[in-house]
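Visitor: Using the sequences plus the hints, can you model the full thing?
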Amino acid sequence: MDSKLVVSPSPHVHSGESTSRLMFNVVLALMPAFAVSLYYFGLGALIVTLLSVLSCVFFEYLIQKFLLKVTPTISDGSAIVTGLLLAFNVPSNLPWYIVVVGSLFAIGVAKMSFGGLGSNPFNPALAARVFMLISFPVQMTSWPLPIESRLKYVDAITGPTPLAIVKEGLKKGDTVTQIADQIPTHMQLFMGVMGGSLGEIAAFALLIGFVWLLYKKVITWHIPISIIATIFVFTGILWLINPEGNADPIFHLLTGGVMIGAIFMATDYVTSPMHPKGMVIFGIGIGLLTVIIRVWGAYPEGVSFAILIMNAFVPLLNRYVKPKRFGEEVKRNG
Amino acid sequence: MLRTFAKGGVHPPENKLSADKPIEVLPLPAKVSIPISQHIGAPATILVAKGDRVRVGQLIAQSSGFVSANIHSSVSGVVDSIEPLLDSSGYKRPAVTIVVDGDEWEPAIDRSPVLKREISTDAEGIIKKITDAGIVGLGGATFPSHVKLSVPAGKKVEVLIINGVECEPYLTSDHRLMLEKGHEIMVGIQLLMRVLGVDKAMVGIENNKPDAIKHLTDISPEYKGITVHALKVKYPQGGEKQLIKALINREVPSGGLPIDIGAVVHNVGTAYAVYEAVQKNKPLFERVVTVTGKNLAKPSNFMVRIGTPVAELIAAAGGLPEDSAKVVNGGPMMGKAVSDINVPVTKGTSGIIVFPAAESKRKAESVCIRCAKCVTACPMGLEPYLLIRMSQRMMFDRMEGERVLDCMECGSCSFECPANLPLLDYIRLGKAEVNKIIRARKN
Amino acid sequence: MSSILITAILVLSILGVLLAVVLYLVAQKFKVIEDPRIDLVEAVLPGANCGGCGYPGCRGFAEAFVKADDITTMFCPVGGNDTMANAAQVIGKTAEAKDPLVAVVRCSGSPEHRKRVLEYDGAASCKLATALYSGDTGCHYGCLGLGDCVAVCKFDAIYIDPITLLPVVDEEKCTACGACVKACPKFIIELRKKGPKGKRIYVSCINKDKGGPARKACQVACIGCGKCAKVCPHDAITVENNLAYIDYNKCKLCRKCVEECPTGAIMEINFPPRKQKVEGQTESAETV
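Chains as they are written, first to last, in the numbering used here: chain A, -8 to 325; chain B, 20 to 462; chain C, 15 to 302.
Don't read these hints as lab results, they were simulated from the structure. Note that the structure is predicted; figures quoted are calculated from it, not measured. Hints may be right or wrong, so weigh each one.
[To be verified] In silico lysine-lysine, DSSO-like type, Cα no more than 30 Å apart, as pairs: (1) C:Lys141 with B:Lys380; (2) B:Lys380 with A:Lys208; (3) C:Lys141 with B:Lys50; (4) C:Lys129 with C:Lys112; (5) C:Lys141 with B:Lys455.
Guide: Below you can see the structure in the form of structure tokens.
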């Protein structure tokens, strides 16, 4: 042996986990949902997704290389995930320039201006989505109908989302029973046969992704389950009080991005709390805000706003909600 | 569902390459260097001089305080030099070098292999023999055992816990010892029980050693009060606090000792050493050492005399392979990389692990993505991501409030970190600084 | 419309006046009476808050300075004699002048002189490496080169030379605050008298090993031969534990020891280049 002995502090072994592997697993977990959206929205879904991913990676490279003058870290895969999630949160008939502007906002403003990966307070994809929603309200809320417009991109036939139908109907004073025939059945909702953002529609595909993320230990159950449980319980109570004035809890869970929000958006590492207690509070907060916005707010859909608002509370949760230390309980009692 | 501790923990690849290799007696080396500081506490005072003849088991350095331990010669021969030599601490520290000449033992030592079951010594006699024999915690912490056995006034021990967990990957010395010296260990445990005045002892063994669990469970009815418990495999279950939590579901208070909640923990190796010291009059001068590594020709378990150069162990295990670049004294999670392969084996050397070059160096660091894996992994419920930031920014006063001193340096956080951040490195640094602050405050 | 405007202006103005009164009253009630000289002394101090004086920041020094009966032991290394004179004037005392000091790195073990035998792979911190081992070379005393001294320097006065891998002190910027001296876990850095026109001589080694091992580990190590002590006409050099030390208060900068040292461990700084005279002498004189 001629090489020098290496001396390093313990531990001398490593799990082999890396940022790029985690991101790769998230991408894999998003694939079932992507496949479903290709099936329902076809060409439009393909164009928007590719465009979004490519422009996110491209902007990240440009900003790191020429603006910040650091070694680009696009190989860590975080820009790919942002691009995918951004695409999944917009309608499949969104004009290309809006997608590019959205990507630029996600990477340039929401991520890089805060210091890049690990330092951004708000989920980049969601921040960009909200930015686009406010800047291009018409294009962002014209939802192509599934299957019918498979071979079309911007000229797709559009219709409202189930949540919008319910919201409009209830506003007019109709009862849920009266609206019932206009909205898809629960099974259809579960399978994703509805208008909506291209990746948010199919609950079953997103749940497959959830199982994969849990199996690969990329995320823990705390955030998704607490969001879903909170929405279920809250809307359930409202529904029990007045079944004619409120949609049922299953309907709420299966529509309008609850699944993608709970599984993929709220669990974003950088913008979620660091320990289980905080995660559960974070999840409950998102759940409550979502229902409040949906039922009493102006928008039919509230997950994006709820997550962004709770993102703002993450530093506070990290600071004041501490994990239970080993040996702490005993000290207090003894 | 097997028992384990509740919070945190990781499961590194076990790599117990030498689990089925019986303990072999390593041939006597030509020369041994016995450091006089092999334990936590004050170094022992040297009793011999250059040129003195010593026998196996002869006291060569005497304990120099309450927290200190006797050191005995592990060979017979002539004292060649007494001077500072590099040991596994990475520093030159005083050591007695003896040139081996024959194998002449102290006559008082009973060398017969017969199991001696009857216990004829009373509690005080046992403690005295343990003190005289220089026994320290053989799990790796090397805390003098007689100190741990002296129960402070006002404290009561309810249960003796025996650590047969061996949660560190690669290491198999305790495993082999339990298989091959099960009865001796059981008698040792009974001796410890007598000292502590308890009638209950629990042996905790991780479930990746089914043969050891079976063997000890089978013989345990012969020994009153001793029960054997299989535990789920999870690192760092061999940590005192985690083992107590797993076995009796009590938490040692922060900053406290196991005795505060009525438990005393000893390693199986220590129990064996206690048996030999009390029943056979044999001081602690040899121990079982696992020599292992993925690229090593012959991973083995050796019975080694203290002071033998590590290089001789590696040679006996097939020699140092060309592509090795790191040699670790202890386990891969908490062991120490040695600066020279000629450092001597000490009482705390549970294993020698040779790492191939490809696994010797850390991977490049990237930024923290706040994945919280370190928080989930920490068995003490700390927040390593926060501690490393504070340490890097020299905010040591705040680290104290974040309980950095609870950290036992198990390395689970660094092991898990996908960004390869040196979490434990900086936490260690912070601990040292916080300790300095606390000392300054007391003065 | 205009009535709303007037109401708004009125309400806000009254609110403003009321709150101002409250603020004034509270400020009066909780007023802390302080020796005004503290502010004056603090104004004289450099304001670097380096802690080099031993007090927590300049304010802390000013408070202690005003209170102290005897100020001879107190010194602001950054400000030096001028600052101390001014500060003493504020409280009506006089400060003794002290020789200006500078941080000196007592190790010359560059990779050329001191072979690396190990490879360190951990966080870049000398303190951490010290907990692990005695160093990546055969020398157990020398500089680890991981830059703890650089990290603590508030004046940007010390950096690691990329070729020698040793810290270099920028004597123009160094204020002798002593932060690096405290930070170095190997105790390599020492504050020494800056000397006339910066001229100074020191032993650039702290290896306490015997000559053989010391020389083997590092070509420019002090081997404790004692030649320098013998040749020194001013009795300034002592050899203890195989290591020579030059007392800067006794040294008269004659440079005899520099010529005598067989390993070149003694450094002369800021001297004009000397004429070559003795043949076969090791090139020890390093002029910065």
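Visitor: Hey, Lys141 (chain C) versus Lys380 (chain B), does the alpha-carbon distance stay inside 30 Å?
Guide: 20 Å, holds
Visitor: Would you check the hint for Lys141 (chain C) and Lys50 (chain B), treating anything up to 30 Å between C-alpha atoms as holding?
Guide: This hinted pair is violated, its Cα atoms lying about 34 Å apart.
Visitor: Between the alpha carbons of Lys141 (chain C) and Lys455 (chain B), is the straight-line distance 30 Å or under?
Guide: Holds, at about 13 Å.
Visitor: Given the hinted pair Lys129 (chain C) and Lys112 (chain C), is their alpha-carbon gap at most 30 Å?
Guide: 40 Å, violated
Visitor: Regarding the pair Lys380 (chain B) and Lys208 (chain A), is the alpha-carbon distance no greater than 30 Å?
Guide: Measuring from Cα to Cα gives roughly 25 Å; hence the hint holds.
Figure legend: structure checked against the earlier numbered hints; hints not met, in rising order: 3, 4.
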